[in-house]
Amino acid sequence: MISPGRSWREFPQRYRLEAEKCTECGKIHYPPRVTCSKCGARTFESLVLPREGKVVTFTVVRVPPAGFTEQTPLPIALVEVMDGVRLMVQLGDIADPDEIEVGMPVRLEFRRISSDGEAGLIFYGHKAVPSLDG
Amino acid sequence: MSVGIVGYGAFIPRRRIKLEEIAKVWGADAPSYKRGLQLHEKSVPGADEDTVTMSVEATRNAFARSGGIDPVEVGALYVGSESHPYAVKPSGTIVAEAIGATPDIHIADFEFACKAGTESMFVAQSLVRAGEVKYAVGIGADTSQGAPGDALEYSAAAGAAAFIFGDDDERNLAEILATYSWTTDTPDFWRREYMHYPRHGSRFTGEPAYFRTSMNSAKGIMEKAGLKPSDFAHAIFHQPNGKFPMRVGKKLGFTHEQLETGWLSPWLGNTYSGASPIGLTAVLDIAKPGDLVLITSFGSGAGSDSFVLRVTDRIEQVRDLAARTRPQLDTNQIYVDYGTYAKLRGKIRMAE
Amino acid sequence: MRDVAVVGVGVTDFGELWDKSLRTIWAEAALAALADAGVEKIDLITIGCMSPGLFVGQEHLASLLADELGMAGTAASRVESACASGGLALRTGFAEVASGLSDTVLVTGVEKMNDVDGADATYALGTAADQEWEGFHGITFPGLYAMLARAHMQRYGTTVEQFAAVAVKNHANGLLNPHAQYHLKLTVEAALQATMVADPLRLMDCSPVTDGAAALVLTTVEKAEKMAGNRPIVKISGSGLATDTISLANRDDLTELKAVRVAGERAYAMAGKKAEDLDVVEVHDCFTIAEIMATEALGLFGPGEGGKAAEDGLTAINGKIPVNTSGGLKSKGHPVGATGVAQAAEIVTQLRGEAGDRQVAGAKTGLAQNMGGSGGSSIVHILEVAS
Numbered sequence: 343m344i345s346p347g348r349s350w351r352e353f354p355q356r357y358r359l360e361a362e363k364c365t366e367c368g369k370i371h372y373p374p375r376v377t378c379s380k381c382g383a384r385t386f387e388s389l390v391l392p393r394e395g396k397v398v399t400f401t402v403v404r405v406p407p408a409g410f411t412e413q414t415p416l417p418i419a420l421v422e423v424m425d426g427v428r429l430m431v432q433l434g435d436i437a438d439p440d441e442i443e444v445g446m447p448v449r450l451e452f453r454r455i456s457s458d459g460e461a462g463l464i465f466y467g468h469k470a471v472p473s474l475d476g
Numbered sequence: 002m003s004v005g006i007v008g009y010g011a012f013i014p015r016r017r018i019k020l021e022e023i024a025k026v027w028g029a030d031a032p033s034y035k036r037g038l039q040l041h042e043k044s045v046p047g048a049d050e051d052t053v054t055m056s057v058e059a060t061r062n063a064f065a066r067s068g069g070i071d072p073v074e075v076g077a078l079y080v081g082s083e084s085h086p087y088a089v090k091p092s093g094t095i096v097a098e099a100i101g102a103t104p105d106i107h108i109a110d111f112e113f114a115c116k117a118g119t120e121s122m123f124v125a126q127s128l129v130r131a132g133e134v135k136y137a138v139g140i141g142a143d144t145s146q147g148a149p150g151d152a153l154e155y156s157a158a159a160g161a162a163a164f165i166f167g168d169d170d171e172r173n174l175a176e177i178l179a180t181y182s183w184t185t186d187t188p189d190f191w192r193r194e195y196m197h198y199p200r201h202g203s204r205f206t207g208e209p210a211y212f213r214t215s216m217n218s219a220k221g222i223m224e225k226a227g228l229k230p231s232d233f234a235h236a237i238f239h240q241p242n243g244k245f246p247m248r249v250g251k252k253l254g255f256t257h258e259q260l261e262t263g264w265l266s267p268w269l270g271n272t273y274s275g276a277s278p279i280g281l282t283a284v285l286d287i288a289k290p291g292d293l294v295l296i297t298s299f300g301s302g303a304g305s306d307s308f309v310l311r312v313t314d315r316i317e318q319v320r321d322l323a324a325r326t327r328p329q330l331d332t333n334q335i336y337v338d339y340g341t342y343a344k345l346r347g348k349i350r351m352a353e
Numbered sequence: 003m004r005d006v007a008v009v010g011v012g013v014t015d016f017g018e019l020w021d022k023s024l025r026t027i028w029a030e031a032a033l034a035a036l037a038d039a040g041v042e043k044i045d046l047i048t049i050g051c052m053s054p055g056l057f058v059g060q061e062h063l064a065s066l067l068a069d070e071l072g073m074a075g076t077a078a079s080r081v082e083s084a085c086a087s088g089g090l091a092l093r094t095g096f097a098e099v100a101s102g103l104s105d106t107v108l109v110t111g112v113e114k115m116n117d118v119d120g121a122d123a124t125y126a127l128g129t130a131a132d133q134e135w136e137g138f139h140g141i142t143f144p145g146l147y148a149m150l151a152r153a154h155m156q157r158y159g160t161t162v163e164q165f166a167a168v169a170v171k172n173h174a175n176g177l178l179n180p181h182a183q184y185h186l187k188l189t190v191e192a193a194l195q196a197t198m199v200a201d202p203l204r205l206m207d208c209s210p211v212t213d214g215a216a217a218l219v220l221t222t223v224e225k226a227e228k229m230a231g232n233r234p235i236v237k238i239s240g241s242g243l244a245t246d247t248i249s250l251a252n253r254d255d256l257t258e259l260k261a262v263r264v265a266g267e268r269a270y271a272m273a274g275k276k277a278e279d280l281d282v283v284e285v286h287d288c289f290t291i292a293e294i295m296a297t298e299a300l301g302l303f304g305p306g307e308g309g310k311a312a313e314d315g316l317t318a319i320n321g322k323i324p325v326n327t328s329g330g331l332k333s334k335g336h337p338v339g340a341t342g343v344a345q346a347a348e349i350v351t352q353l354r355g356e357a358g359d360r361q362v363a364g365a366k367t368g369l370a371q372n373m374g375g376s377g378g379s380s381i382v383h384i385l386e387v388a389s
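Protein chains in written order, with our numbering: chain A, 343 to 476; chain B, 2 to 353; chain C, 3 to 389.
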């Protein structure tokens, strides 16, 4: 499970969607890393990812792993929020998994992702919910 | 000096359950419950929604309307709820961390049954008025529970509203002209530590609690501010069901038209600490510059916070910068049956 | 570099082996390979095992298993690359013999997966993904491959019927493999109606949870010639290893298993071979879509053509290029650390002409492709009969 220390260390990415942009070549990394995956440079500047995106691919997990067994069916997608910046997120507020489509516009919303049982910590992050008109 | 609201926002979850669905399971007569409570359906939080998540999204909406306030300039943030996710560990710190307002900030969680929201608002605006902080955020949010089969199960709902207060003429969208609180020890509704569901004094929750407290609070503020009901464009009262806010409003001398915009409970249910605050956001969504607005909350135990606000010109520039409240209530609903509702609300006993 | 030969093969039954622990299953395969080789002195034992820590609470297999074989004192090393751990054990052994550091190496792979329950096994397997940025959201392995499947279907029109064709073929082959976990005759209709595991992958698209072990004995071709008797000498002529981004979010192209392509290119280059030269192939069909994508990445078929090729029977035992004559991970089972070694064992058996009902007539050159996670690592070996 996730320890308090580890969950706290990840808040900038989980809570605020903070990413890093390579100062040499401009490639954006979410989550941040030590070395730019495109040019190998090691200096970055911080930026916050936009919260609108599109579904690139997805699945609906019908047999979830330990810690998620009460969340069946569990739709999970790769969402692209900027050119070349993709992240894996659960899809939320899905009434019927048949409504999910590749290319669907989504919005990232702050949600509970999982918790360490009834007495343990709650782990928050973002899920992608369908962008609705109106 | 003009202390007022510089940003506001609400968040209502998408799921709903109709009153008939609940009545069916408990063998109750749906039509008479609907008539008696003036409720049709209520909001239901998803398994991934709680007071913290709704507060974050409502607060983000408030910042969207704030004309670019940087969250690091917020000096205080308060979350009022009777369903904080942790009994010990504040909701406020998670919300503040999520919006980027930490670490140079004062944070506390409030509770006072359904008026914890206006409590946060009261303290937040007071700090601004005292010159202690530049901006302060007051949030009311709840995902409260009603015991299975109890009358409260028909109304206990989920939602959040957030307000950013400042003394900032350029950003002010509703100036606070007066505040007033009327509070006594009145044991109408309570929940003991470690118990799952609240209990209430049935009909004692009416006249001696809700009506007496709300009326004294509203009369008190109008006297303090030298105003009468006809001076107001809108009035918002606490909404434990559809009936009480209309009745108390009319008893005080307000008309249906003045009460209508802030009256969401027939379709939303009772969002407890979010109730009158969300009603206020619905009013701000359509109010005209110069409108006077009264908001009078009620929290069992019992107390009522009142505010008189005057809407400024700026309201028209900002109301569409974030999701309005009525569309969140009236569109894109996901209806659930009682079994799903019970699962989402943790009412089913799971294996250890 | 010296030429390396495989002189012994040992594979246990694969399945739910309730009465056997990790060490007993492993020892059974190890002893079988040593007996098959007729060898007693070993310079090094390599062990591929993905996660003995999570599955049975045991680490330090090098010491534990050398001891179990009565060979405490022998050099030993456990290696890990998720489900490619077995292939990595083979690569490590190959490199030791080729370089001259060791003369005779016992290459092994093992996994004991049934001492934990389903949800915990899924969790353990999930550690092959990016735990922090994929696992955090509740994704599973079927879920990751389902996402790849959907991208492949979106781009190339690959169909669920084509996935089913792969499963049907591999189960048909498994019927001919006495060690396979499942001996069942599968039809396309039954595959299409099986329980959905992660849309669009169903139960019959997924390899099972399995206990099992496999082992090989490697030595120099020179030594092998002295030991061989009448058996063909099988040498490892190519070995390629590659990685790709661990998480799907960072992949360049979701429709290509780049690690497989690059590992394959490295192996083909070392062996001086091309895809057309292969007579028999074992690929890592952890999911039916993985087989389709691996055959494309190895150049057996063009991009997007793997599904149709399977549907048209090109990969059947009597097809143009037989793939997974062992029954694949799908029907033979997938004890993760053992798989890479078991795949090579099947190729050796084919090249020796000892595959019985599964024999591909005249097989002289074969390839075994092992893969970790959702394509984060891949190891390819090319084997051929030494003239």
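Bear in mind the hints are in silico, worked out from the structure with no lab data behind them.
Don't take every hint at face value.
[What the hints assert, rightly or not] Okay, the calculated bits of chain C under chain A, using three or more residues with CB under 8 Å as the criterion:
hint : segment
1    : 117-129
2    : 156-162
3    : 199-212
4    : 325-333
[What the hints assert, rightly or not] The calculated DSS-like cross-link candidates involving lysine-lysine, where the alpha carbons are at most 27 Å apart (straight line), are:
hint : chain 1 : residue 1 : chain 2 : residue 2
5    : B       : K25       : B       : K35
6    : B       : K25       : B       : K348
7    : A       : K369      : C       : K225
8    : A       : K363      : C       : K260
9    : C       : K276      : C       : K187
10   : A       : K396      : C       : K276
11   : A       : K380      : C       : K260
12   : B       : K251      : B       : K220
13   : C       : K225      : C       : K366
14   : C       : K225      : C       : K260
15   : B       : K225      : B       : K35
16   : C       : K276      : C       : K228
Think of the CB as a built atom: it goes at the ideal place given N, C-alpha and C, for glycine as much as any other residue.
Results of checking the hints against the structure:
1. 117-129: holds (count 6)
2. 156-162: Violated - the segment 156-162 of chain C has 1 residues with a Cβ nearer than 8 Å to chain A, which falls short of three.
3. 199-212: Held - the segment 199-212 of chain C has 5 residues with a Cβ nearer than 8 Å to chain A, which meets the minimum of three.
4. 325-333: violated (count 0)
5. B/K25 <-> B/K35: Between B/K25 and B/K35 the Cα gap is close to 13 Å, so the pair holds against 27 Å.
6. B/K25 <-> B/K348: The hint holds at about 17 Å.
7. A/K369 <-> C/K225: Given that 27 Å is the threshold and the Cα spacing comes to 53 Å, the pair is violated.
8. A/K363 <-> C/K260: It holds: about 25 Å lies between the C-alpha atoms, which stays within 27 Å.
9. C/K276 <-> C/K187: violated (34 Å)
10. A/K396 <-> C/K276: violated (40 Å)
11. A/K380 <-> C/K260: Holds. A/K380 to C/K260 sits at ~16 Å (cutoff 27 Å).
12. B/K251 <-> B/K220: Holds, because 13 Å separates the two Cα atoms, which is no more than 27 Å.
13. C/K225 <-> C/K366: Given that 27 Å is the threshold and the Cα spacing comes to 21 Å, the pair holds.
14. C/K225 <-> C/K260: Distance of about 37 Å is beyond 27 Å: violated.
15. B/K225 <-> B/K35: Violated, at roughly 37 Å.
16. C/K276 <-> C/K228: Given that 27 Å is the threshold and the Cα spacing comes to 30 Å, the pair is violated.
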